[in-house]
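Asker: Below are the chains, spelled out letter by letter.
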Amino acid sequence: MSTIFGIPAPAFYGQLLIGLINGSFYALLSLGLAVIFGLLRVINFAHGAQYMLGAFAAYLLLGYAGIGYWPSLILAPLIVGVTAVVIERTMLSRLYNLDPLYGLLLTFGLALILEGVFRYWFGAAGQPYSPPSQLTGAVNLGFMFMPIYRGWVVVASLIICLSTWLLIEKTRLGAYLRAATENATLVQAFGVNVPRLLTLTYGLGAALAAVAGVLAAPIYQVSPLMGSNLIIIVFAVVVVGGMGSILGAIVTGYMLGVLEGLTKVFYPEASSIVIFVIMAIVLLIRPAGLFGREE
Amino acid sequence: MTVETQYLSAQPKLRATTTVLGAIAIAALLVAPFVVYPIFLMSVLCFALFACAFNLLIGYVGLLSFGHATFFGGAAYFTAHAVKVWGWEPLSGILLGAAGAAALGFVVGFLAIRRQGIYFAMITLALGQMFAFICLQVPFTHGEDGIQGVPRGHLLGFIDLNEPLAMYYVTLAIFLFGFFAIWRIVNSPFGNILKAIRENERRAVSLGYRVDRYKLGAFVMSAALAGLAGGTKAIVFQFATLTDVQWQMSGEVILMTLLGGIGTLVGPAIGAGLVLALQNYLAASDFPVTVLIGIIFVVCVLLFRRGIAGEVMEFFKTRFNRST
Chain A
1 MSTIFGIPAP AFYGQLLIGL INGSFYALLS LGLAVIFGLL RVINFAHGAQ YMLGAFAAYL
61 LLGYAGIGYW PSLILAPLIV GVTAVVIERT MLSRLYNLDP LYGLLLTFGL ALILEGVFRY
121 WFGAAGQPYS PPSQLTGAVN LGFMFMPIYR GWVVVASLII CLSTWLLIEK TRLGAYLRAA
181 TENATLVQAF GVNVPRLLTL TYGLGAALAA VAGVLAAPIY QVSPLMGSNL IIIVFAVVVV
241 GGMGSILGAI VTGYMLGVLE GLTKVFYPEA SSIVIFVIMA IVLLIRPAGL FGREE
Chain B
296 MTVETQYLSA QPKLRATTTV LGAIAIAALL VAPFVVYPIF LMSVLCFALF ACAFNLLIGY
356 VGLLSFGHAT FFGGAAYFTA HAVKVWGWEP LSGILLGAAG AAALGFVVGF LAIRRQGIYF
416 AMITLALGQM FAFICLQVPF THGEDGIQGV PRGHLLGFID LNEPLAMYYV TLAIFLFGFF
476 AIWRIVNSPF GNILKAIREN ERRAVSLGYR VDRYKLGAFV MSAALAGLAG GTKAIVFQFA
536 TLTDVQWQMS GEVILMTLLG GIGTLVGPAI GAGLVLALQN YLAASDFPVT VLIGIIFVVC
596 VLLFRRGIAG EVMEFFKTRF NRST
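Chains as they are written, first to last, in the numbering used here: chain A, 1 to 295; chain B, 296 to 619.
You may find that some hints are simply not true.
[Stated by the list, open to error] Away from chain A, derived, C-beta distances all over 10 angstroms, residues of chain B:
1. THR312
2. ASN575
3. LEU587
[What the hints assert, rightly or not] If you anchor each label on the Cβ, the simulated ranges turn out as follows:
4. B:SER387 / A:GLN221: 26 to 34 angstroms
5. A:ASN183 / B:ALA322: 55 to 63 angstroms
6. A:GLY126 / B:THR613: 51 to 59 angstroms
The hints are simulated quantities; they were obtained by calculation from the structure and are not laboratory data. Just so you know, even glycine gets a beta-carbon here, dropped at the ideal spot from N, CA and C.
All chains should be modelled from the sequences, with the hints used to inform the complete structure.
Answerer: This is the structure we're talking about:
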């Protein structure tokens with residue numbers, strides 16, 4: 001049997017794939033956080049809860065309305081996006097001229113409420129959600145067997161990340177968004193409805209989290225606590241990458257996911273803390289983050 | 296977070312009032328165990344000290360630490376281990392816990408003060424989570440079980456802490472010591488520089504202060520005092536578990552401080568009492584506690600940012616100003 005650095009090849013590739021998948025979720029979530037932070041200057045602590053909400057939306061749509069995976073991939077983010085818009089209009093928008101820490105505390109409170117309510121209804125145990133029939137089974141890549149659904153997750157998240165990047169860098173809406181990030185007052189003076197832009201951005205960020213949630217539902221189980229542990233790791237990813245650049249958030253997400261997967265191969269005991277250790281090292285060497293600017 | 300500074304000590308009339316109120320509060324705490332269940336009171340005192348220590352950072356330096364459970368829970372593990380496995384006397388065990396928390400605070404603070412504001416909060420949260428993972432894996436914390444059955448022992452060799460009243464008064468003494476320490480720090484020249492950093496960090500730098508050292512100093516002090524609270528809690532409840540090091544605990548201490556009043560001396564203690572009383576009350580019903588905690592967070596942030604003590608002080612301040 002072939003080995004890589006003394007590790008059996010299938011185990012190595014298997015962990016690499018798991019790393020890529022985790023990295024996909026880190027990238028999707030830190031991308032949403034960066035988009036929201038860029039414009040609203042709010043760290044969205046509810047991001048993990050919105051990810052969980054996306055997964056539960058898909059689960060409930062299937063259970064109560066018989067709506068399958070593919071429509072859910074559109075519907076769940078839409079539902080979560082709308083709730084996020086309501087949250088932004090009724091609560092977050094009151095805090096913009098205060099210290100940004102209040103935004104963090106408010107969204108933290110919202111995350112606790114959402115998590116608590118779903119835990120009350122569904123218990124802490126996970127609910128199974130099966131992948132769509134088109135994506136079941138595995139394919140032989142020659143060096144390993146890859147479950148088709150996992151390959152799909154990597155591809156889908158790459159597509160979503162890239163199209164979000166294109167939306168922000170190459171379209172007129174994205175140009176408004178970037179301009180408002182630089183100087184909101186000036187953009188408002190040019191006649192752009194900045195408050196609406198803020199609302200839209202928060203909705204978009206939350207919808208991204210919900211997409212990630214739907215993608216995750218068949219891989220991990222749908223559970224009320226799936227978001228809160230993930231979001232703390234994503235915070236570390238964001239600190240490593242720096243929130244200055246969208247592309248930086250995406251690249252850092254995948255990179256740390258893969259590094260975490262590789263740690264599982266070579267030194268499994270450290271795999272749960274490796275991202276935090278990398279964060280500490282980056283803070284020592286380059287406090288602004290790999291892609292960040294000093295503010 | 297900008298919080299109005301207290302001017303109490305500058306005004307003689309108000310100073311007399313606070314002295315009287317303080318004396319009444321201490322008298323009430325002395326007779327309290329004859330009225331209220333002592334174990335509950337002791338947990339309130341431990342969490343009140345924890346919240347006051349946390350408030351030293353958020354209220355007086357403007358740093359939001361989202362990882363203070365590390366110092367509280369970490370100290371609980373150190374104390375429990377020293378007392379149970381090494382057979383240390385309880386007070387030295389508690390002091391070891393505080394010293395360990397200070398050491399952890401030095402490491403976490405050293406890393407976290409390299410970034411400001413919102414990043415500071417995220418870094419402390421992430422490092423706190425890392426510490427929780429480490430606690431889950433290293434052998435001396437006994438993973439999911441925690442350290443159980445810590446003996447209370449004899450304080451300084453002759454005060455039997457298995458007596459509930461003795462334990463209560465020792466806890467009260469530790470709380471008062473910690474509270475007094477925080478009061479001294481806040482009202483010292485060092486504390487004034489901390490407040491200057493909170494109000495305008497750049498100006499403090501331009502005045503020649505090495506801001507990072509002051510921040511780190513305040514962080515270590517806050518961690519040590521949180522550790523004092525955590526170590527005491529380990530002796531009172533006779534165990535140390537993962538619950539105390541996880542991020543939910545960091546969130547709880549933020550809530551206590553926010554509810555009581557950020558940047559007020561007594562506010563966090565009031566907040567701690569209220570949150571614990573609510574949890575105690577809800578423990579009998581099946582209403583999920585996290586939901587209630589979340590709701591209080593949202594309400595406090597939206598409507599009630601000064602907290603209870605802050606609102607009361609604001610009320611008296613406007614009345615005081617009107618009467619003079």
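Asker: Report the numbers of all earlier hints that the structure fails to satisfy, in ascending order.
Answerer: The structure conflicts with hints 3, 4, although it agrees with all the remaining ones.
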